[in-house]
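Sequences and hints are given; from them, build the entire structure.
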Amino acid sequence: MRDPDVVVVGAGADGPAAAWKLAEDHGLDVLVLEGGPWHGNEQWPEPHADAGGTISTDPDDLDGKLLDEQFTHREADANDPTYGYLRVGPADHSRAPWFRNLHQNAFIWQVGAVGGTSLHYFANHPRGYPTAFNDQPHWPIDYEDLVPYYQLNEELTSTQQAPMTGKEEVFIEGATNAGYPLIETSNVTETGWRPQANAVEVPGRQTSTGDPLDADYDGSFSYDDGFRGDTLVGDHFQGSSTPVDAPVREKARKSSNVGYVPRALDTNEDPSKGNVALRPNAYVTDVETVEGSGRLEATGVTFRDSWSGRTQTVEADVVVLAGGCIETPRLWLNAGLPDDGWVGKGLTTHWFDWIVGVYDDETITEINPEGEHMDPYVGQNSAVRFDKPGVGGMEDIGMSPGLVSYADYLFSQAGYSFDTPVDPDEPWDTRGYVVGEELKRRMSDYRQTKALLVLTDDLPRQDNGVSLDTTFADEHGAVPKVRWEPHPDDDAKRDELSRIAARIHRAAGAEHVHRCDWPPLLLHMQSSMRMGEVLDASAEAKNVDRLFVADHSALANGVGGPNPTNSGQALALRTADRIADRYF
Amino acid sequence: MQDSNDGSLTRRRMMKGIGGLAVLSMSNATVAEARAATNNPLYSDPHTADTYRAIVDAIIPRTPALGDELGSEHVPGGLDVELEKFLIWDFNHFQEIRTELVTEKTDPSGLAMPVDLLETTLDTAGAGSPLDALLDLADLDLLDLLGLDLNADALEDHLTFGAAQRVDVSLVDAEADGAAEFEVTVETETEEYQRVLQNYPYAPAFTLVFDVVAAEFLAQGKNQEPAGPNEKFPAGGTFATLAPEDRLRCLWTIVDDGVVDRLDDLLSPLVPDVGILKYVVMAVNGLHGFGYYTEWSGLGETKTNTPTEREMQKPPGEVQSRTQSGYPGPAPGHAANWRHAVEGGFDDPDVDDLDLPEDLTGDDVIEGIGGER
Numbered sequence: 001m002r003d004p005d006v007v008v009v010g011a012g013a014d015g016p017a018a019a020w021k022l023a024e025d026h027g028l029d030v031l032v033l034e035g036g037p038w039h040g041n042e043q044w045p046e047p048h049a050d051a052g053g054t055i056s057t058d059p060d061d062l063d064g065k066l067l068d069e070q071f072t073h074r075e076a077d078a079n080d081p082t083y084g085y086l087r088v089g090p091a092d093h094s095r096a097p098w099f100r101n102l103h104q105n106a107f108i109w110q111v112g113a114v115g116g117t118s119l120h121y122f123a124n125h126p127r128g129y130p131t132a133f134n135d136q137p138h139w140p141i142d143y144e145d146l147v148p149y150y151q152l153n154e155e156l157t158s159t160q161q162a163p164m165t166g167k168e169e170v171f172i173e174g175a176t177n178a179g180y181p182l183i184e185t186s187n188v189t190e191t192g193w194r195p196q197a198n199a200v201e202v203p204g205r206q207t208s209t210g211d212p213l214d215a216d217y218d219g220s221f222s223y224d225d226g227f228r229g230d231t232l233v234g235d236h237f238q239g240s241s242t243p244v245d246a247p248v249r250e251k252a253r254k255s256s257n258v259g260y261v262p263r264a265l266d267t268n269e270d271p272s273k274g275n276v277a278l279r280p281n282a283y284v285t286d287v288e289t290v291e292g293s294g295r296l297e298a299t300g301v302t303f304r305d306s307w308s309g310r311t312q313t314v315e316a317d318v319v320v321l322a323g324g325c326i327e328t329p330r331l332w333l334n335a336g337l338p339d340d341g342w343v344g345k346g347l348t349t350h351w352f353d354w355i356v357g358v359y360d361d362e363t364i365t366e367i368n369p370e371g372e373h374m375d376p377y378v379g380q381n382s383a384v385r386f387d388k389p390g391v392g393g394m395e396d397i398g399m400s401p402g403l404v405s406y407a408d409y410l411f412s413q414a415g416y417s418f419d420t421p422v423d424p425d426e427p428w429d430t431r432g433y434v435v436g437e438e439l440k441r442r443m444s445d446y447r448q449t450k451a452l453l454v455l456t457d458d459l460p461r462q463d464n465g466v467s468l469d470t471t472f473a474d475e476h477g478a479v480p481k482v483r484w485e486p487h488p489d490d491d492a493k494r495d496e497l498s499r500i501a502a503r504i505h506r507a508a509g510a511e512h513v514h515r516c517d518w519p520p521l522l523l524h525m526q527s528s529m530r531m532g533e534v535l536d537a538s539a540e541a542k543n544v545d546r547l548f549v550a551d552h553s554a555l556a557n558g559v560g561g562p563n564p565t566n567s568g569q570a571l572a573l574r575t576a577d578r579i580a581d582r583y584f
Numbered sequence: 001m002q003d004s005n006d007g008s009l010t011r012r013r014m015m016k017g018i019g020g021l022a023v024l025s026m027s028n029a030t031v032a033e034a035r036a037a038t039n040n041p042l043y044s045d046p047h048t049a050d051t052y053r054a055i056v057d058a059i060i061p062r063t064p065a066l067g068d069e070l071g072s073e074h075v076p077g078g079l080d081v082e083l084e085k086f087l088i089w090d091f092n093h094f095q096e097i098r099t100e101l102v103t104e105k106t107d108p109s110g111l112a113m114p115v116d117l118l119e120t121t122l123d124t125a126g127a128g129s130p131l132d133a134l135l136d137l138a139d140l141d142l143l144d145l146l147g148l149d150l151n152a153d154a155l156e157d158h159l160t161f162g163a164a165q166r167v168d169v170s171l172v173d174a175e176a177d178g179a180a181e182f183e184v185t186v187e188t189e190t191e192e193y194q195r196v197l198q199n200y201p202y203a204p205a206f207t208l209v210f211d212v213v214a215a216e217f218l219a220q221g222k223n224q225e226p227a228g229p230n231e232k233f234p235a236g237g238t239f240a241t242l243a244p245e246d247r248l249r250c251l252w253t254i255v256d257d258g259v260v261d262r263l264d265d266l267l268s269p270l271v272p273d274v275g276i277l278k279y280v281v282m283a284v285n286g287l288h289g290f291g292y293y294t295e296w297s298g299l300g301e302t303k304t305n306t307p308t309e310r311e312m313q314k315p316p317g318e319v320q321s322r323t324q325s326g327y328p329g330p331a332p333g334h335a336a337n338w339r340h341a342v343e344g345g346f347d348d349p350d351v352d353d354l355d356l357p358e359d360l361t362g363d364d365v366i367e368g369i370g371g372e373r
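Note that the protein sequences, when read in sequence, are chains A and B.
Going by full-length UniProt numbering, the first sequence opens with residue 1, and the numbers climb by one from there.
Going by full-length UniProt numbering, the second sequence opens with residue 1, and the numbers climb by one from there.
In short, the hints are calculated from the structure, not lab data.
The beta carbon of each residue, even a glycine, is placed where N, CA and C say it ideally should be.
Among these hints, one or two may not hold up.
Non-contacting residues of chain B with respect to chain A, defined by C-beta distances greater than 10 Å in every case (computed) [stated by the list, open to error]:
1) Asp80
2) Asp116
3) Asp123
4) Ala176
5) Ala335
A few chain B residues that face chain A, going by a derived Cβ cut-off under 8 Å, partial list only [to be verified]:
6) Leu111
7) Gln324
8) Asn337
Computed footprint of chain A on chain B, listed as stretches where at least three residues anywhere in the stretch have a Cβ under 8 Å from a Cβ of chain A [stated by the list, open to error]:
9) 162 to 171
10) 242 to 249
11) 307 to 317
Printed below as a string of structure tokens:
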């Protein structure tokens, strides 16, 4: 595409949503540049070994069976941060990942590829809490302004209530016994539990035998044999390309490469709409600007092809940054754009914790008379949640064992459990890293183990965020230096939620409860370029005309604790409308 | 990581030949076997290997007692699947350095990295002691240690880099463009190990750091069990002399005890950025989850190949750790009973009919929290 109206930097969760809306509803030509690889596209049959094609505009390039080959559903293959197919780094897997300097016991977990971090998300699509919009000083828009965009996003991503399987039944038992009510709305203002709103199609919408998908189903899960919808596999963190054989757009979980990218390419087939071109392996290194009438104005971007090393400049009427909470401010700062003190700052991350319950077989069988174990790899990864607006929430989680061993026992800020005393008044039995014989003993109980993820409503603080590192540079400029430390108020909220989580485990009959006391896990990142500070209420830069941000960094806070994908995408859809209103 | 494979007789290729001879003299292997060993991407010096082996054995040991209790499949540990190779591979593939960005810090943009940030030589053979070698490298003397509130005598007593007598890290070709290659040389009393690695060779660098931190750990008397030579890890240094739980306590002083601040001047020459060491301790622990408890060990001989050349040698549900967890491996779907918890799904009004309460602060929100403007 030689002359795009809009160039979008980044094809993660949000960039493709904005691109689709700009082309679909406003007839604009959009070029999306993505630094990472594109999986499941015929132009890149071996995306990690060979440069492949250059750009894709044809929805027929998408190939679901190719995606099945590339996403093996194996854990190390997918999730190892250095060599996995879901990492942040160049597509060429003989090269190291892109370095971010982190001076902490902490972990940044993102994916650089078409689909971005939504490639390994659990597809949890709750809305932000209304209180996070309306009752805190950080938001320039009302909750009600975003609701139509939530509704649109939920429709496009097949968002619906998640299915309850064995592990969820145990959670519901615990939450109910602990006295919490069921919430029956998406607009959550009170405390309780509810099924997750997940961007995953209903399980077994059609099966290969015509029989319902239940424990007696013995048919195929292949699309070619007639299976449609969710197949109840808990391997979403590995990319989850099920049903196998399905076209990309028919995969059950609507990560943005499934939910939005095919729709965006479809606009090319309708002459009444704009065009969308998507170029992977194109890392944007600079934002081009001119001095307008006393103000800076964005005119395009310069990018570097990660295979050839060649750079190229693209002009556009509007530039949209959608590289995520780390890469967007990094690009901004490396481009020398103005910084009034909040660029990259105010990063929120839902100050997670992780509370593990181990259950004995009898307890499980009492709750699920038909099941011997919870089998945390069966069902969606997270299908039920707890909400406490103003404090945060929590999620019931089941995953495969490599991820469980890391998250449950090998990620802590409390030190090793053999040296970490537990206050007898606290509702957990152990805390900290679990290693040695005890680790192997706990992992032998994997099929009776599940965790609750605590998501704290941590608030934006200027000390937390992204700056340019002064020690290291890579081919894209100074590397990002990332810092996130909890505020005591955020610790207090997290402690409160962790105690609730432990009590829910107890009330369901857990025989052992473990608090990991996670250090910062930067996964649900939000608000590092937030509206109200760096951006105005339309997500346009306050100091640079024609420059917008359409990723989670534009959120003004952490939306209260619920997973940010629905909010980030809804806001990106709204921003696309604002761009068209202002400039086209 | 790519060992260089060009056909010309470069300096690098000659170095590899020398490394091969070292292996030859050590193992009585044939020349062909020695060449194969030096081209093995996991060919690492014994100090590096034994240090990571000491960590693996502390976190996921063999557990004979669990065999009686839970079954024989629960006996083998991380060393049985060579998990140290996973750690070494990941750390050596952690950060690419672009050679064109390595010059003296004269670039006004501040992007250029000085060569001496990335090159180092620790030589204990010519110095009086390992501590003397470290002081030489850091351009410090014993009085400086006093000023840093460090007990020089105690550090002297405890610090050893085990079999590593000389460690040298240097850029292969500082004039080239693209991903830098580093030559890593480790000399022991009788052998010389040399490799050329793409990316910064963090794996051997971190083991030197762990020895220094372990010496400080012992100097401070923080060990809970006696330290001493460990016949399982004979080439390791001070770190490998610690008892298993003390190894982990020692690593934790990096995160929680400010030890990297106290030792900053001593550690600075060993790694390009001392600040990342807290992150490294996270990774040292966490990589056991990404390695041992995933399917990685089932990749067999391909498990440290370039990622695109790794292939499963056994079904992912049958690897050692998977038999210990009972996970059957990935599946295209699961036949399982499920239901919807809310009959008919969520029932929400259109936006015009939304009737949110006036007070949206939640039911008992903590008061007075507003973040920062």
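Each hint tested on the structure:
no., hint, verdict
1, Asp80, "holds (12 Å)"
2, Asp116, "holds (13 Å)"
3, Asp123, "holds (25 Å)"
4, Ala176, "holds (13 Å)"
5, Ala335, "violated (4 Å)"
6, Leu111, "holds (4 Å)"
7, Gln324, "holds (6 Å)"
8, Asn337, "holds (5 Å)"
9, 162 to 171, "violated (count 0)"
10, 242 to 249, "holds (count 4)"
11, 307 to 317, "holds (count 5)"
Consistency note: the structure conflicts with the earlier hints numbered 5 and 9.
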